[in-house]
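Visitor: Chains as they are written, first to last, in this note's numbering: chain Z, 5 to 104; chain X, 7 to 516; chain V, 1194 to 1706.
Incorrect hints may have been included.
[Claimed, not checked] Derived DSSO-like pairs (lysine-lysine); straight-line CA-CA distance at most 27 angstroms:
| no. | chain 1 | residue 1 | chain 2 | residue 2 |
| --- | --- | --- | --- | --- |
| 1 | V | K1363 | V | K1315 |
| 2 | V | K1363 | X | K33 |
| 3 | V | K1240 | V | K1315 |
| 4 | V | K1315 | V | K1667 |
| 5 | X | K168 | V | K1589 |
| 6 | V | K1240 | V | K1363 |
[Claimed, not checked] Over the 12 angstroms line for every Cβ pair with chain X, so calculated as not near, a few chain V residues:
| no. | residue |
| --- | --- |
| 7 | N1365 |
| 8 | A1587 |
| 9 | A1636 |
It is worth saying that the hints were derived from the structure and are not from the lab. Note that the structure is a prediction, hence the values are computed from the model and not measured. Beta carbons are placed, not taken as given, at the ideal position from N, Cα and C, and that holds for glycine.
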Amino acid sequence: MVPAQWYLLLAAAVFCIGVFGVLTRSNALMFLMSVELMLNAANINFVAFSLQWGNVTGQTFGLFTMAIAAAEVAIGIGIILVLYRNFRDTDVTSATTMRW
Amino acid sequence: MIIEILIAFTLVAALATFFAPDRVSGKLAFALSLVPVVGSLYMWSLFDASGNALLQGSQVAFETNMPWISLGGYEIAWHVGLDGISLPLFVLTTVLTSLAIVSAWTPIDTRASQFYGLMLFMEASLLGVFSALDFFAWFVFWEAVLVPMYFLIGVWGGPRRKYAAIKFFVYTNVASLAMFIGFMALVFALGDSVTSLGLPEIAQATRAGEVGSYFGLGAGAIKTVAFAAMFVGFGVKVPIAPFHTWLPDAHVEAPTPVSVMLAGVLLKMGTYALLRFNFTMLPDVAAQYAIIIAVFAVVSVIYGAFLALAQQDLKRIVAYSSVSSMGYVILGLVAYTLYGVGGATFQMVAHGLISGLMFMTVGVIYNTTHTRMVGDMSGLADRMPVTVGILVAAAFGYMGLPLMAGFAAEFFIFVGSFGSQTLPFAPLFTALAMFGIVVVAGYLLFAMQRTLFGPFRLETDYTVGPAPLHDKLPIAVLLLLVIALGVAPELFWGMILDAVEPVLETGGGA
Amino acid sequence: MSLPSVTATLLQSGGALPEWTALAPTLALALTALALLLVDSISPETKNNALLAGTTAVGSFVSLAFSGWYLAAGTGQSGTGGEIVLYGEALVVDGMYLFFSAIFASVAAMVAIASYDYLAGKEYQGEFYALTMLAATGMTLMASANSLASAFVALELASLPSYALVAFLKKNKGSVEAGLKYFLIGALSSAIFVFGISLVYAVTGSLLFSDVAEALGETELVGVAGVGVLMIAGGFAFKTASVPFHFWAPEAYEGAPAPISGFLSSASKAAGFAVAFRVFVEAFSLSAIPEGINWVILFQILAVVTMTLGNFAAATQDTVKRMLAYSSIGQAGYVLIGLAALAGGASSQNGDVMGAAMAHLFVYGFMNTGAFLFIALTEHWGIGRTFEDFNGLASKAPMACAAMALFMFSLAGLPVGGGFFSKYFLFANAVFAGFWWLAALGAINSALSLFYYSRVVKAMWIEDATSEFEIRSKPVGLYAGIMIAAVGTFLLLPAFGPIIETAQTAASALFGA
């Protein structure tokens, strides 16, 4: 069996890639994909430690996460669509009618 | 129960007036304000309290005491009631509000319904301040008074109204914060010996020497700090020099009826609270620092009087002389004798009536002449004989003419302070304060002579004639009240002495 | 709050009602949402705003009535056998759930009533109300979550409709931009949140709060658990608009339709606190958690930074709505005292200070929603957004401006509304708990807040009008919503006793006292 810490490291690595994407990409779709990476990093943890602990809580929660991620993407794409209609762009930095 | 009914009625009346049409609001507000007047006079006739509401062995009139909220280990109660100190102020509030509302009929011509609504709202809060016997209930009303006053100055005031309103608001709010912190420190230092924030319980505990150490400070230090914080907090309201600088601005900018309320009742909140908190709860600290407090008092008297001397604006003259008059109250309080503290309480009522009368009369003159500058006018006596007559009478009242309320009050205070045991050099302080009277007489006579007598001179394109009846009526009524209280001070004097006496009994316990 | 025991025996623990009925406040909201979706699918183009808003308001009131009844009767509280645990311990019904449900339902009702006018003539009204109800459902579930799984699902159920609602005015650039920013930061923070959950699961092997607390006490992986707790705290910081995930709040509140701004800044914030209180008290209980993970210090820092940043930013704003947005961040800082002034061990002060924070959220629900509804009214009238645009408004609309003055002074802590007591009680309880410095910082911030709150009042009442207002109508719904909020804010001054008592009892139950 692969030791538990490897899973933790893998998940952390995937999570960090996601964070890197969030911080560097200004395209809304790329941003969404990066967030998906972060969510899936959590899923790796859940599934791996579900095995470690010998219960199915983690796996079940992994399914929940996927379903919610799908719903989130649905909302997100909708918002990005109206963003494109209003600003003719999917760059998140282009929408600046209000100051930060 | 009657106190709650009156406060609730006044609040509802305020709301009704606020949304009434402007046209009828003045008369409506006056009619509604008569109910608290009648109510408070009825309470006076039923009044059966004895002793000081905060101290042991007292019987409080119209008392309600029911649990409200609990805050940690402290019970907060809805506790109201009146004793011989608060009833006169309660009556003063209702009467003066009604008269001030009538005096507003001429000068207030914009957004009238809102003006009268706020006046009634302020009356309700003031009634609460003078009747509450629980700290939080009292504090709610104390702070609530600021809100209508801010609007009354800010909306209907003179050219610099915004500045004056903000200055008033900031000064008094900071003062409230200082007072609140001081009082809370005292409560925490009392530790387990109090289980409520009721003023009687706290006063009795502090007088019984239950104050312990708190926050690394000993009992004595805590008491001193609390006394100082509350003295500053209430001193701003009184106002005691050097915390008085908001007052002239507020008075000059405020419309006349608001000045009447400000000088007549709001300043008394400060002295009333000083008596209830500082001098009732911490008599030993008051005795210990009597000299310092007396210096504050005498400086207020003299400094206020000389500042008044230097003014040209009639309203500013009256405003500064209020600072001077309130100095007597502080002197009476710090003397810690029956006549001193009793006289101070009496002076609160007397000065409430007299300063209200002065401001109202100056307002009547301003309504007609559109100026308040001493140098601009002369010989007004020809054109407005009745008003001028009342103003002269009021001025003599201010100077302490016998048979007027001011004489009785100042006489009591001087008798009391002269024989004070707790205040060192009492005769010296009394003499210095009496010197203030001379200055008052000087500047009032000077101003009178310049403005009222001699040949009429005022360049206007409008005619200056007698004031309308509804302007003259309130000042006439007030003058009658001032004389009545001067001729028969026992109207209030007996109950005041009865309520003041317990304060002195264990006074100077340290 | 002791009603005759007759009422209590009618309820779940007496066996008269099945246990699931304890969730009635949530079910009422969920069924309303489904009913609205049904109406919408039968006639998708309906502009029958009265029907939609009416249904929403009635549903909210039913939910509120259930919460009030259960609270009075003692459902899920110590008097009738303690908390009711449902669905494999995923959800729990106790005093805290009922208290927060009452907040969400009252805010939702006010927002629904006000939206009647705000949405007049706009498209997709059915969706608007349905999404509002779904979000409210999610918030009540957040308050009842008893495992990290249900907490996450409920949080998303509350968040996803909120994203859509913020971007509801889809032809308005501000609204879309607000929706985008809210969504992006929301998605990011929920990813962080769920990763935090996965780390806690990795350490403890369970998601149930009680099991997590037990397992955390024995774990050796303190570092991993600590990172997990930190990330979970981040998720709550987003929901409550606290530092460091507060960036979205000014944008979202400013761009969103004003009733939604009110809904988010009152109800959604309260929901975030509801679940945060439960998670940190039950799952990361101070008595069980390893020494190394001291989240109280974290919340102390967050509370101080949040209240200071919110207040200073609010003081420098030019537009009223944005000022309210920042002030709502500042208010979140005060409420964070509820988590920051806790001490280990079974201190009875813990329940009191957290209860005071809950009571503040309750009062805040009325005064803050009312303030945003007033903004909705000015938007309805087409009045500008800056302070100057409000100059002299009181002469045209005295009643609404009087209500707004009440909200502002109450938010600042002057005794014209319940905000006076809730703030003083929060600070006083912090002092009793020994955290006088938190109370002092709170009091200083609160004094500062009077400056910018009174600016609105000054503009409306004291300044002279700089431009002519064209006030064509007096919208009934918006006025009704504002008046409900105003009366509620005022009545909470004399009637604060039952609120604080209920809140402190509910919070103490959480600490097992």
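Visitor: Looking back at the hints listed earlier, which ones does the structure fail to meet?
Guide: 2, 8, 9
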